[in-house]
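Starting from the known structure of chain A, fit chain B onto it as the hints suggest.
Protein chains in written order, with the numbering used here: chain A, 1281 to 1590; chain B, 1281 to 1590.
It is worth saying that the hints were derived from the structure and are not from the lab.
No residue lacks a Cβ here, since even glycine has one placed at the ideal position from N, Cα and C.
One or more of the hints may lead you astray.
What the hints assert, rightly or not - Away from chain A, derived, C-beta distances all over 10 Å, residues of chain B:
no.	residue
1	A1361
2	K1399
3	R1411
4	M1464
5	T1522
6	T1550
7	I1573
Unchecked claim - Lysine-lysine pairs mimicking DSSO-like chemistry, simulated, CA-CA at most 30 Å apart:
no.	chain 1	residue 1	chain 2	residue 2
8	B	K1354	A	K1567
9	B	K1567	A	K1567
10	B	K1567	A	K1354
11	A	K1445	B	K1354
12	A	K1525	A	K1400
Protein chains: 2
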Amino acid sequence: MNRHALLLVLAFMLSWGFAAQLQAQSAAAPKTMAEILAASKPSDWRPLDPENTLYLELPAGRVVIELVPAFAPKHVANVRALAREGYFDGLSVLRSQDNYVVQWGDPDGEDPEKQRKIKKAQRTLPAEFDRATSPDLPFTGLADGDVYAPEVGFSQGFPVARDPKARRIWLTHCYGMLGAGRDMDADSGGGTELYVVIGHAPRHLDRNVTLLGRVVQGMEILSTLGRGTGGMGFYEKAEERTPVKSVRVAADVPEATRTSLEVLRTDTPTFLALVDARRNRREEWFKSPTGHIDLCNVPIPVRARAAALP
Amino acid sequence: MNRHALLLVLAFMLSWGFAAQLQAQSAAAPKTMAEILAASKPSDWRPLDPENTLYLELPAGRVVIELVPAFAPKHVANVRALAREGYFDGLSVLRSQDNYVVQWGDPDGEDPEKQRKIKKAQRTLPAEFDRATSPDLPFTGLADGDVYAPEVGFSQGFPVARDPKARRIWLTHCYGMLGAGRDMDADSGGGTELYVVIGHAPRHLDRNVTLLGRVVQGMEILSTLGRGTGGMGFYEKAEERTPVKSVRVAADVPEATRTSLEVLRTDTPTFLALVDARRNRREEWFKSPTGHIDLCNVPIPVRARAAALP
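If we strip away everything but chain A, and leave its shape as in the complex, we get (with noise of 0.2 Å):
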């Protein structure tokens, strides 16, 4: 096996459990993950977009987030202009709530005198919860059903949902999701205190606040935060909080220092048989495959670009 054929089982192994290690027991059965992904061409693979990635640097290392314009143009906008006047700079992780969220902002946000000034971005937006559905927006449905919604799929890498009837679509508050947090008022947000999905996917969030990324590399920095104390998991001590290093647009980070990674297309035949390998388990461990899988447990696979590889 060459390099980086090594890479790509062993970037599945680290991120979804069993298969890899069972590759080798289970060569007899055809279609694993492990073997769909190695099959895999280089077209089934898109660079992530400097414009749209994110690098939120904390003190254990960086958290690389996607972000997705396509389903909340103002809010990644926004984020992007924050991040470039250096909004989140010195700022803190909030909030670690245990089967729910981490989120990061300004510790002295309530306060008109010492929160954190906006220079050119918005404080608030208006919400982005979901979006018309359209011809141009790609969705590659999931035949097996959701509790939440009529339809669920995926669209340019990112879990949706979609009401035919009402033509909408929306991105879903699965794993490694990030959102904008919000006051009461539903025009509250903006980007400028951001959350990610770090337990259950807590899919009663969704069409109530605007999502617009996903954690594609650095998930568990954030997961294993401490829980914060206070009510819904705010640290109740400055001192428990983690410090925000900074939060940078990769496109304007010097190319020799970003992570250069590529998502699997879920518009491609690949996509469509890895959803298929994980819905019926085919490794040997596997007793009762259930032949059924839940939106947020399908993997959307990220790996070294190739190209950066020596």
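What follows is chain B alone, placed relative to chain A:
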């Protein structure tokens, strides 16, 4: 709305644990989870049975686990026996895989010479993946549907799925559930390696591994353990593991040092009202209540026993 009120409202909307204390502030909004719990009767709650309660003692504190013999009688009896002969004491948390499971057991378990010896308990047991339905076994159904099983609901305070045609019922891999790790053979588990779900419910494991309990306190101790960097989240170096100080049956611990908890009964009108309140969120913050709820998003409230309070 001032900051204090806002935080309070947000807290009870978003948290599973803080509802009761916020009841006073939400008097205007009928039938929220906070109000339902505040109005619950003592008989809506059941104390943990000390014979069916395990204390996993880690350096960061105690994890309290409720065992459920009705679904895995042999595994529960064996884990109790293992705990009573001190099998787990001094072993380690070996694995922490992001969005999946934490697992503890014997680092030398694969080495017949070095592995921890077992005195009276069993090393392996026949699988207890599911069991027959029975009129004696309560089932509180959830009408919201499920991606994986024909029916889902609750039994004896645990999330379950049911196949009425096959007349089988089984525990489901929701957040916090405890399972008995196994090797390739279905009957190779037994309780010497135990895992807890720390991510989005891996329901594809249902009926593939024996579940036998649920963490009712201390999940944050397990969920924040640093992730292992080896395959499947195993730690690569011995020093990365977390030592297991001991695992004890609560009945064997002096009463003064027990953790006195009670769990909301899932076969009560109070629990049904709570499910409805979570399905149709009535808190002002919610703009688009979903009207649906996923099995693993239903909270099963746990609180300190009133009798134990001063």
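Against the structure, the hints come out as follows:
Consistency note on B:A1361: stated as away from chain A, and its beta-carbon is indeed over 10 Å from all of that chain's, at 25 Å minimum. Every C-beta of chain A lies more than 10 Å from that of B:K1399, the closest at about 30 Å, which supports listing it as non-interface. With a cut of 10 Å on Cβ distances, B:R1411 stays outside the contact zone with chain A, its closest approach being about 14 Å. Residue-level check failed: B:M1464 sits 6 Å from the nearest beta carbon of chain A, not beyond 10 Å.
The claim that B:T1522 lies off the interface holds: its Cβ sits roughly 12 Å from the closest Cβ of chain A, which is beyond the 10 Å cut-off. For B:T1550, the shortest C-beta to C-beta distance to chain A comes to about 20 Å, beyond the 10 Å cut-off, and the non-interface label holds. Distance to chain A contradicts B:I1573 as a non-interface residue, since its nearest Cβ pair spans about 7 Å, not more than 10 Å. Annotation: proposed proximity of B:K1354 to A:K1567 holds, straight-line Cα distance about 20 Å (limit 30 Å).
Using a Cα cut-off of 30 Å, the hinted pair B:K1567 and A:K1567 is violated, with the two alpha carbons roughly 43 Å apart. Restraint check for B:K1567 and A:K1354: the C-alpha separation of about 20 Å stays at or below 30 Å, so the hint holds. A distance of roughly 50 Å separates the Cα atoms of A:K1445 and B:K1354; the hinted pair therefore is violated under the 30 Å criterion. Taken as a hint, the A:K1525 and A:K1400 pair is honoured in the structure, with Cα atoms around 21 Å apart against an allowance of 30 Å.
Hints 4, 7, 9, 11, counting from the list given before, are not met by this structure.
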